[in-house]
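Hey, can you work out the whole structure from these sequences and the hints?
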Amino acid sequence: MNTTVERLILFVAVFLSVLYLPWWLTLLFLICMSYYFPFYMEIIFFGFIFDKLFLASREAPYAALALSVIILITVSFIRRNIRK
Amino acid sequence: MSFLLKSKPKSGFDYRILLGLVFFLVLLFISIFFPKFSRSISHNAMIPLWTLKEKSVNFTYYIGNFFVWKSNLIKENSKLKDEISVYKLNKIDYDLLVKENEELKESVGRNVSTNRTLSKVLSKPPQSPFDTFVVDVGSGSGITVGNRAYISDTIILGLVSETTENTSIIKMFSNGDQSVVSVSSRTGANFVLEGIGGANFKVVVPKETDIVWGDSFLHSGLKDSVMAVVYYVDTNSQSSFKTVHLRMPGNVFQTKSVFIEK
Chain A
10 MNTTVERLIL FVAVFLSVLY LPWWLTLLFL ICMSYYFPFY MEIIFFGFIF DKLFLASREA
70 PYAALALSVI ILITVSFIRR NIRK
Chain B
276 MSFLLKSKPK SGFDYRILLG LVFFLVLLFI SIFFPKFSRS ISHNAMIPLW TLKEKSVNFT
336 YYIGNFFVWK SNLIKENSKL KDEISVYKLN KIDYDLLVKE NEELKESVGR NVSTNRTLSK
396 VLSKPPQSPF DTFVVDVGSG SGITVGNRAY ISDTIILGLV SETTENTSII KMFSNGDQSV
456 VSVSSRTGAN FVLEGIGGAN FKVVVPKETD IVWGDSFLHS GLKDSVMAVV YYVDTNSQSS
516 FKTVHLRMPG NVFQTKSVFI EK
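So the sequences go chain by chain: A and B. Residue numbering for the first sequence follows this note's numbering, starting at 10 and increasing by one per position. Residue numbering for the second sequence follows this note's numbering, starting at 276 and increasing by one per position.
Fair warning: there could be bad hints in the mix.
Below, a sample of chain A positions facing chain B; criterion: calculated Cβ distance under 8 Å [said to hold, decoys possible]:
| # | residue |
| --- | --- |
| 1 | V14 |
| 2 | W32 |
| 3 | F57 |
| 4 | I58 |
| 5 | K61 |
| 6 | L62 |
| 7 | F63 |
| 8 | Y71 |
None of these hints come from the bench; they were simulated from the model. Here the structure is a predicted model, which means the values were calculated and not measured. Backbone N, C-alpha and C define an ideal beta-carbon position, used for all residues, glycine too.
Shown next, in the form of structure tokens:
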């Protein structure tokens, strides 16, 4: 399958999982996705959505967005340094 | 003879990183400068999907329960009928006590009238990682930040933390970063309960403190609201303190509607 189409389908799947599945399962999916695809930028969008939909804390208003960036950087770094 | 490595890293700048950085900065900019607007857009876009979820989940629930033994259904039915008759009697007692309580409060000049709005739960844990509920009433219905949310007449859930035109976010008292003052219904002593997520609380107290299994803790306020019930007391013989574990009464995460007190 074309990578773009694959990415699009999985984007919809993860998007639905944000709405319907437990947060920890979505987090696991996102980590897997960011390992599977090179530089999975969509994770930043999902972090943003998490913040907007569920986060009520005024103390750390961008927690999920920050976490998504940390995951993206960490997983991309690991991915780069692992030989396939 | 030398061979080039197949996975030799390419040199040069990866433009995807720049794109990612720009994307992140744009979303951060929206979050910082248009927090209400972006939350409102997100919630309004999700309301149809959350409603759809409710309908589809009910549908699958009925499919799952279609294949049940008839004998099991008969047993369950008779058990439920017995339970209902007991609850009906309890309800009569409860109504009498509530009425008496309200009359007593009125006689000492305390205003007991409340203005509550019923709201449907759109999203709740475990979808949300922050012990928050999203409900379908917002500032358009007169809900403001700080309003109390109840799951029944007396069981308090938390406070409204954010509102949009059509939705609100309720932050439960059990949220991980919260500590809330509570009163023991039996002894009247005050304690600071620490939220640990998943509708759970804990409090560390000296061993001699009078807290036992089943004690109810009330939220301080005009109307008594039950916040948590003790389900486990962890006492260590080597420590002079004990850890009391509490939980919100009832199954909070099964609730489909919430009352918001204005």
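Hint validity - F57 of chain A Cβ closer than 8 Å to any chain B Cβ = Holds, about 4 Å.
Under the criterion of a CB-CB separation shorter than 8 Å, is Y71 of chain A in contact with chain B as hinted?
-> holds (6 Å)
Supplied contact hint for V14 of chain A, tested at 8 Å Cβ to chain B | violated (19 Å)
Minimum Cβ distance from K61 of chain A to chain B below 8 Å?
-> holds (4 Å)
Hint check, F63 of chain A versus chain B [nearest Cβ-Cβ separation less than 8 Å] = holds (4 Å)
Going by Cβ atoms only, is I58 of chain A closer than 8 Å to chain B?
-> holds (6 Å)
Answer holds if the nearest beta-carbon of chain B is closer than 8 Å to that of W32 of chain A; otherwise answer violated.
-> At 4 Å from the nearest chain B Cβ, W32 of chain A passes the 8 Å test, so the hint holds.
With a cut-off of 8 Å, does the beta carbon of L62 of chain A approach a beta carbon of chain B closely enough for the hint to hold?
-> Holds, about 6 Å.
Comparing the model with each earlier hint shows a violation of hint 1 alone; every other hint is respected.
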